[in-house]
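K.L.:
So the protein sequences, as listed, match chains A and B. The C-terminal residue of the first sequence carries number 305 in full-length UniProt numbering, and the numbering is unbroken. The C-terminal residue of the second sequence carries number 305 in full-length UniProt numbering, and the numbering is unbroken.
In short, the hints are calculated from the structure, not lab data. Bear in mind that the values here come from a model prediction, so they are computed numbers and not experimental data. Virtual Cβ for every residue (Gly too), placed ideally from N, Cα, C. Heads up, some of the hints might be wrong.
[Unchecked claim] Okay, the calculated bits of chain A under chain B, using three or more residues with CB under 8 Å as the criterion:
1. 3-10
2. 48-60
[Claimed, not checked] Here are the computed lysine-lysine pairs in the BS3-like style, where the Cα-Cα straight-line distance is at most 30 Å:
3. B:Lys66 <-> A:Lys28
4. B:Lys151 <-> A:Lys28
5. B:Lys28 <-> A:Lys151
6. B:Lys28 <-> A:Lys294
7. A:Lys294 <-> B:Lys66
8. B:Lys168 <-> B:Lys184
9. B:Lys278 <-> B:Lys256
10. A:Lys238 <-> A:Lys168
[Said to hold, decoys possible] In silico contact screen, one side only, chain B against chain A (beta carbon under 10 Å); selected entries:
11. Leu89
12. Leu97
13. Glu107
14. Ser187
15. Glu218
16. Val219
17. Ala237
18. Ile263
Protein chains: 2
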Amino acid sequence: MSALVLGHMNPDTDSIVAAIAAADLYSKRGFDVTPAAQGAPTPETEFVLKKFGLSAPQVVSDVAGKDLYLVDYSDLAQAPQGMDSATVLGIVDHHKLGDVTTSSPLEAWIWPVGCTGTVLKNMYDFYGVEIPKNIAGGLLCAILSDTVIFKSPTCTEADKKAVEALAKIAGVSDVVALGMEMFKVKSAVDGTSMHDLVFRDYKDFDMNGNKVGIGQLEVVDLSILDKVKAGLQEEIAKVKGEGRHSVFLLLTDIMKEGSEMLIVSDDPAVVEKAFGVKPDGSSVWLPGVMSRKKQVVPNFEKAFK
Amino acid sequence: MSALVLGHMNPDTDSIVAAIAAADLYSKRGFDVTPAAQGAPTPETEFVLKKFGLSAPQVVSDVAGKDLYLVDYSDLAQAPQGMDSATVLGIVDHHKLGDVTTSSPLEAWIWPVGCTGTVLKNMYDFYGVEIPKNIAGGLLCAILSDTVIFKSPTCTEADKKAVEALAKIAGVSDVVALGMEMFKVKSAVDGTSMHDLVFRDYKDFDMNGNKVGIGQLEVVDLSILDKVKAGLQEEIAKVKGEGRHSVFLLLTDIMKEGSEMLIVSDDPAVVEKAFGVKPDGSSVWLPGVMSRKKQVVPNFEKAFK
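For reference, chain A alone in the conformation it holds in the complex (with noise of 0.2 Å):
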């Protein structure tokens, strides 16, 4: 039975190029994988994939008694259907470790850096093995993309070192055009639904014994996200009400370098316990405030604790 190679939930470019360079890093040191995904590629993403001439991978939703190597995360609320009957072989990840245990030794490579594609380019070069061009291509956009071409707190001098030797291989001479060619493609709303456009970049966490969802827009300019405010509003209120303590909506100008935080919670007093600022009804602007992972995740965990 070939492993499956997997990323988390609600799936970003991240999450499906590390998919798809480890299953072919790992199939080049001899394991049997395959690449998967839990859902379909995002417009941005799919622009990638196809700029690349990359395919998407299979759709997965339960893995009941496979084997796993994970990609970008390490959380049970990341995980699909099954994790329990799953055995866990590896993980690839950049974010803080979560609560996935395993019965035995496992191979994982986790780096605090601004994106898996960095890890793995790392191991790629661990283990002598070449990266493919259209590999290469497809981790330059994940960095650029989880890094906001540079601009995240979360962005270490090992991403600039990857992305400029993918670059190479790939054959991108100018990275920051390749960048905001794909941030337009990401910042675009038109004929997408409210609930896509919440869960196009969302993430469930467990914070102190609380279910609390967030979930992220990157726009080259706030105002296009004008007409769909008041939607995602609402959208995130449903949200909410399936058994969840709060949903917070970032909406990242990546631009401004700041997000406006949409807000919905059985107690908004935590938003000021954890950013010091006062939310205005139920939004607030957050200066500087660009990564999940590094700037709002850690604050809000204290702030729950």
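Given the coordinates of chain A, assemble chain B onto it according to the supplied hints.
P.N.:
Using the frame of chain A, we list chain B on its own:
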């Protein structure tokens, strides 16, 4: 504040040497770290430290508020007091993934190999840092100890390759002879209390809600333990009385390549369920069983489900 590099409870040679080596490597990468241990070295570890001119790390029993790098474990049950308020910045390990979680991204190198020393040897290479001669000797012994001189089923090609390279750096020409010398020291039981023998290499596990202790004594000939067996049986009954479901003590004969397991349990049938062999009174001979991690813990975890 200097971060601590800290191995597990009841430190073995790998746990102590890995803390020394990881602290050396992290320091050379520019991090402010100090090696530490959750106890004094065993006779085997003392032999290794003396042989290669290394110093035993400071003993630490409370890590409240401290920054930590964990080596050789990721289980809260093997962590010291104060873990709730400590911050785990990294993990180097070769065991199953335990229940340690973090609030921020960390650096984890966890490989399915025979010894943390093998992972560290590869980390030195990855970062292009030269391994000091004395640390190479320590890592070499840690690998020989954990893999029972390559005889354990946990031993991988990566461990053998690491030993070969480390032996050259340390100037050791006959690694098997060094291993046997070390295991003879480890085999000595004279003048050691029953308590110290049980806890020489002992770990508590949470198995489906049950606290289960598993210790291991490795000797070059099982007859060495004839005169202490009754005393060990009494001692593990005492340890079980402190609120454990079961305590198992593996008496491993590294030449015959098998283990006699001493048993004290609320449900002795779990042993037959785990190994398919009916215990003879309070002990059972398990041919070929040498590794707690690979052969004993996974079997018990399944049996406890």
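K.L.:
Hint by hint, say whether it matches the structure.
P.N.:
Tested hints:
Counting residues of the region 3-10 of chain A whose C-beta sits closer than 8 Å to any C-beta of chain B gives 0, which falls short of three, so the coverage hint is violated. Check on the region 48-60 of chain A: 0 of its residues sit with their Cβ under 8 Å from a Cβ of chain B, so the three-residue criterion for coverage is violated. Taking the CA atoms of Lys66 of chain B and Lys28 of chain A, the gap is about 41 Å. The hint is violated against a cut of 30 Å. Taking the CA atoms of Lys151 of chain B and Lys28 of chain A, the gap is about 29 Å. The hint holds against a cut of 30 Å.
Proposed proximity of Lys28 of chain B and Lys151 of chain A is supported: the alpha carbons are some 29 Å apart, at most 30 Å. For a cut-off of 30 Å, the pair hint linking Lys28 of chain B to Lys294 of chain A stands: about 26 Å separates their Cα positions. Distance check on the hinted pair: Lys294 of chain A and Lys66 of chain B sit about 20 Å apart at the alpha-carbon level, within 30 Å; holds. Between Lys168 of chain B and Lys184 of chain B, the direct Cα distance comes to roughly 23 Å. Compliance with the 30 Å bound is thereby established for this hinted pair.
The straight-line distance between the Cα atoms of Lys278 of chain B and Lys256 of chain B is roughly 20 Å, inside the 30 Å bound, and the hint therefore holds. In summary, the hint linking Lys238 of chain A to Lys168 of chain A is not supported, as the alpha carbons are separated by about 46 Å, beyond the 30 Å threshold. For Leu89 of chain B, the interface hint holds, since its Cβ comes within 10 Å of a Cβ in chain A; the closest pair sits about 8 Å apart. Taking 10 Å as the C-beta contact cut-off toward chain A, the hint placing Leu97 of chain B at the interface holds, the least distance being around 4 Å.
Interface hint status for Glu107 of chain B: upheld, as the beta-carbon distance to the closest one in chain A is roughly 6 Å, under 10 Å. Hint on Ser187 of chain B is violated. Least Cβ distance to chain A is approximately 27 Å, over the 10 Å limit. Evaluation of the Glu218 of chain B hint against chain A yields a violated restraint, the C-beta minimum of about 19 Å exceeding 10 Å. A hinted interface residue such as Val219 of chain B counts as satisfied when its beta carbon comes closer than 10 Å to some beta carbon of chain A; here the least separation is about 25 Å, so the hint is violated.
Annotation: interface hint on Ala237 of chain B violated; nearest CB of chain A at approximately 28 Å, more than 10 Å. At its closest, the beta carbon of Ile263 of chain B sits 21 Å from a beta carbon of chain A; the interface hint therefore is violated under the 10 Å criterion.
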